[in-house]
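A.B. asks: Chains B and C supply the protein sequences, listed in that same order. Residue numbers for the first sequence follow this note's numbering, so the first one is 1 and each next one is one higher. Residue numbers for the second sequence follow this note's numbering, so the first one is 1001 and each next one is one higher.
Among the clues, some could well be false.
To be verified - Pulled a few chain C residues facing chain B out of the computed Cβ check, cut under 10 Å: (1) VAL1207; (2) PRO1432; (3) GLU1467; (4) PRO1471.
To be verified - SDA-like, lysine to any residue: derived pairs with alpha carbons at most 25 Å apart: (5) C:LYS1426 x B:LEU24; (6) B:LYS30 x C:PRO1439; (7) B:LYS30 x C:LYS1348; (8) C:LYS1320 x B:SER76; (9) C:LYS1320 x B:PHE77; (10) C:LYS1320 x B:LYS413; (11) C:LYS1320 x B:GLY78; (12) B:LYS30 x C:ARG1441; (13) B:LYS413 x B:LEU480; (14) B:LYS30 x C:SER1371; (15) B:LYS172 x B:LEU480; (16) C:LYS1093 x C:LEU1445; (17) B:LYS30 x C:CYS1057; (18) C:LYS1320 x C:CYS1057; (19) B:LYS30 x C:ILE1438; (20) C:LYS1320 x B:HIS208; (21) B:LYS30 x C:GLU1436; (22) C:LYS1348 x C:LEU1460.
These aren't lab readings, by the way, just hints derived from the structure by calculation. Cβ atoms here follow ideal geometry from the backbone N, Cα and C, with glycine treated the same way.
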Amino acid sequence: MEPLPSQLYVFAWLSPFIGSALNLALNPVKGRAKAYSSVAFISASAILSSLLALDVWLNGRVVSFEYVWVKCLNVSFGFYGDALSSLMAVVVSWLSLLIAIYSIKYMEGDPGQTRYWTFFTFFVGSMLLLVLADNLVAMFVGWEGTGLASYALIGHWYTDEEDKWVGDPGRKALGIPMYFTPSHGGLRALVFTRIGDVGFLVGIAVIHMLLGTTSLVALESKAGVLMLSLFRSGILLPFLIVFSLGAMAKSAQFPFHEWLVTAMTGPTSVSALIHAATMVKAGVYFMLRMAPIIFLGAEVLRATNPAVFSLVAEYFEIVALIGGLTAFILGTMAIVARELKLILAYSTASQLGYMFLAVGAGALTGEVGLSVFVGFSHLMSHAIFKAALFLVAGAVIHSVHSRFIDDMGGLGKPMKISFASMLLAALSLSGLPPFMGFWTKDAIIDVAFEAHAYLPFVLGVVTVLITAFYSLRMVFRVFLFKPSHHEHEVHEAHPLMWVPYFTLAVACLALGLAWPFYEADLSRGLTTLTLGLKEWVMPTPNYTLVGTSVALVAFGIGIAYYLYQAKKVLPFDSVKTSPTLMKLHTFLYDRWFINSIYYLVIVKGGHLIASAISKYFDKLIVDNLYHRAIPFVFGKAADLLFRYPERAIDLFYHRVMVAFFSILSNGFRRIQTGILNHYMLLMLIGFATIYVVLMLLG
Amino acid sequence: MSPLPYESMLVLLAAMGLFLPLLKKGDRAWLLSVLALAASLALSVATLYLSMGSEPCYLFSKMLRLDPYGSLFSTLALLGALLAVLASKPASKWTTSTSFYSLTLISMVGVCVIAFANDITVALAAWLLSSVASYAIVSLAKDEASAEGGVKYAIMGSASTVFLFMGTFILFLSAGTTLLSSTLRPIPLNPVFGGHTVLVLSILLVVAIGFKMGIFPFQAWLPDTYGGVHPSLIAFVIPMAKALALLALYRLIYPVAVQYPETWFVVASVFSVLTMFFGNLAALLQDNAQRMMAYSSIAHAGYFFVGFAGISALSGLNPKWAMMGLLIHYAAYSLAKVGIFAGLEEVKEKVGGVMLSDLSGLGRRMPITSSMLLILLLSLMGAPPLLGFWGKLYLFASVVGLSPLLALLAILNSAISVAYYARVIKAMYFSPGDYERIPERGWPLYSIIASAILTVLLGLVASPLAEMVVP
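So here's chain B without its partners, still in its complex pose (with noise of 0.2 Å):
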């Protein structure tokens, strides 16, 4: 393929900037121009991305080059497109021009449409900055801009109707509520990503501090140093996890997932872009993208320094675990959950961690390589289906005018080309054969075990049943079981509503049908043409861990079809009798009592050190120190002091001060007469008197 210059690839994400600045513009413009904008920059960029992809990977070159923006920091604004952020680019991009086209339909009407367009392609141009940037700078810089357009976009509806709730409306756990509007979740999602990113930037600061660079390139190039200043300084491992709590939070990993689910209250259409499809996957891409430095800089001091090496290999444990937890603990609040978006919102933490397990055991099995490839496999498969539930999802509550499942229920006749849609990505989540998320999932799978990380191991195994099981409740709950009543028909969703999603859905099953024949170009791409990558590696299939997960994944359908669709029967009905059943049931219904525990702890602990601080120091000894003992003190010193320096004392706060304070404040003032013989008189003292004291001193 002909090369572009590489400056015009710039428009991959300047582009969806100049669409938001222009939808700003736009405003008073009524009706869908700012939809067809919109729809038109981001088509330029997933055109221009498609581009560079085909560029980085058909000629084998990478493409990148650096415009100096603040040389005194040496802060360049460069672009980088290898194998990893060109693929990533397509994926982001294209998924955003179907979600563009689906909300222009999805948000018509809406008063907010300015707010809505400007954001969302705003978030597009971050994102696509994020994954393009050649530093860690402008990579934050992006990383940002996405979680203001996500603050913004989840707090759409800031007048926090309570259509738009997620929770059960007075529900509280452990006497916290577990319903929240709006802009309290725009704010949580605000909140809990804060937390990380200042752990990212506290990276960034001490990377910048030991290599005077945030270049990625140099990154690599300089890695084994970086890794042994750390080392030597004692806080490699440190270091490793604060660097990467951006990622963590930013991608929901257990202890920050909270914020993704309460995310919900945004349009749908967000949901499937911002909360699925492509800023979740900022923290996976951030680890794909350091992944192979870490391990290059630790392979590197290996002969010399095994200690280092043994510390990086303890950090991708500690990833692997967070990973398999993330996936295990989401998974299981997806099978109690009763609305429909809240099921996809615990699922995607709960992919989103098998995720960082990729990443955490490819490098544990000692070809990072691996991590990039079966991670981002994952990724790509995972925002493909994802983004297709969400779309269905939000056509399937547009119409029934409810958020629960249980007020769905036998859609499957009025809207067919949603039930379909819904299938065909929901086995893909699953995880059944051909679909793509069966390829990418029995990845993961299979170097966790090579990577002898058990505990992850074990954790992702189990999640495989949970996941068949929860996937295929949702689908019979919505679409089969029993029909339930509306007050109005249900219809099919509009064309350029079902158009996007079913090109999705079908999509899962295509690129998993044709999955093992790119398969050894995507691993070969991947591992070579990566920053820090230059060795082929595949997983090697391990045909006991594809039957085991296979059955696993036969038996979770099984189970979902016998209970909803063969029986027709609600287990939640046979829960309730048994208090033992009840309490479980509780337990993942509340999150396992996490963001009950983190209000508590953190709030009301919080507000309880206060009051403690204000009843115990500052009550007993601040207050009787001022108003006790130091009056006694200085009323003593004063009577002994009352004769003599009292008249001195007055004598300079009476008239020295003053005097002093009103010729300051007034001075300016006066000097400026209005009169020029005043003006002349100054200049001339000015200089006489600026000239003899300089004089003197010089």
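Model the placement of chain C on the given structure of chain B, informed by the hints.
C.D. replies: For chain C alone, coordinates are given in the frame of chain B:
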């Protein structure tokens, strides 16, 4: 390089300036002067382009030296002048308007010459040409305040010119030649004044040239002139006079500063600290937005002097950053002041005054103007990523290595200044006022929008652009 674009620019400005008073209609004069300034801007960009990467070119028996730094500086000055003249469309109805447009062009000739002056006499001639033109310009509005401001400016200006003659005379005596040869060869100084030649020389030049920028204690005329004269005229005078003063200081002082860095550093920092504090503290007390902006100009003169302190090549100082800072800060300052004064003129016209109380609720009444003013005020404050931020960053960073105290005081002053800029913003956006929309259209508005947009856009490219022209 070919000096042709530069020479044509001078001829164009001078010829058009002499031709315009012959016209009867003010709006034609306005149009012609806009066209002339736009053409000069293009020619100046051409000069800049030609001068980059080639050996400096000498003109008129080495009296002028075309280099990229001067080219970019004069380009920015022409840009400011163009925007100011665009905004002054309403002034074309005055009886004196043809004189105004003619004088704008003639004064720009002076700026474009002094930007490349390599000879004391040429610098003096250019200085006088522009100065005298600006004295006339400020009194053209024919109202009492403008007349008063004009007279004060002219008389103080004449007095300070005496200092300039004394200063340049000492420079000539010490160097034995009128040729500055700019950055190439430091001038050897004879000890005419005992050991204090450099000190005397420095202070004299600061009095004379600093007077024009509003360096304390030679600032007294400035609040009356900038704060009282018709804002349209001030919008032009500010970028022109500031360019004139900065370039004069740069051309005349740089050779001295390089050779006697210790003395010059002390002189520049003393004046800079005094001026920053005076300007910022006095601005805090103002209730009249135009007067407040006049004091803010004084404070900015202090920031520029931080940069002048930084051009002396002492260890710990970074002259390159200082020069970049002077350039970027000039761009930020002139764009902001042109836009703000043009905006104040609009407000004065439509609301009736420019007291802070007149500005209340302006954000609702004139939303476009107010949002643009907001950008410009933020740039003056030094908010990233606007142009004003980069200017201050380089100016302050250039001295931080040698004198962290000076940098700290400068940052402290920046912080103080936020207080009064915020008062304007508060009045516009957070104070109750009329709700009635005021129609916004016309050239002044376009000029304000252009300055705000340029402030944002140039902010993104300022560093690499300035990097290219600094020797």
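A.B. asks: All hints, please: hold or fail.
C.D. replies: To see whether the hints hold, each was checked on the structure:
no. : hint                  : verdict
1   : VAL1207               : holds, 5 Å
2   : PRO1432               : violated, 24 Å
3   : GLU1467               : holds, 6 Å
4   : PRO1471               : violated, 15 Å
5   : C:LYS1426 x B:LEU24   : holds, 23 Å
6   : B:LYS30 x C:PRO1439   : holds, 22 Å
7   : B:LYS30 x C:LYS1348   : violated, 34 Å
8   : C:LYS1320 x B:SER76   : holds, 19 Å
9   : C:LYS1320 x B:PHE77   : holds, 22 Å
10  : C:LYS1320 x B:LYS413  : violated, 74 Å
11  : C:LYS1320 x B:GLY78   : holds, 24 Å
12  : B:LYS30 x C:ARG1441   : holds, 23 Å
13  : B:LYS413 x B:LEU480   : holds, 8 Å
14  : B:LYS30 x C:SER1371   : holds, 23 Å
15  : B:LYS172 x B:LEU480   : violated, 31 Å
16  : C:LYS1093 x C:LEU1445 : holds, 18 Å
17  : B:LYS30 x C:CYS1057   : violated, 57 Å
18  : C:LYS1320 x C:CYS1057 : holds, 22 Å
19  : B:LYS30 x C:ILE1438   : holds, 23 Å
20  : C:LYS1320 x B:HIS208  : holds, 23 Å
21  : B:LYS30 x C:GLU1436   : holds, 24 Å
22  : C:LYS1348 x C:LEU1460 : violated, 32 Å
Hint compliance for this structure: hints 2, 4, 7, 10, 15, 17 and 22 are not met, and every other hint is.
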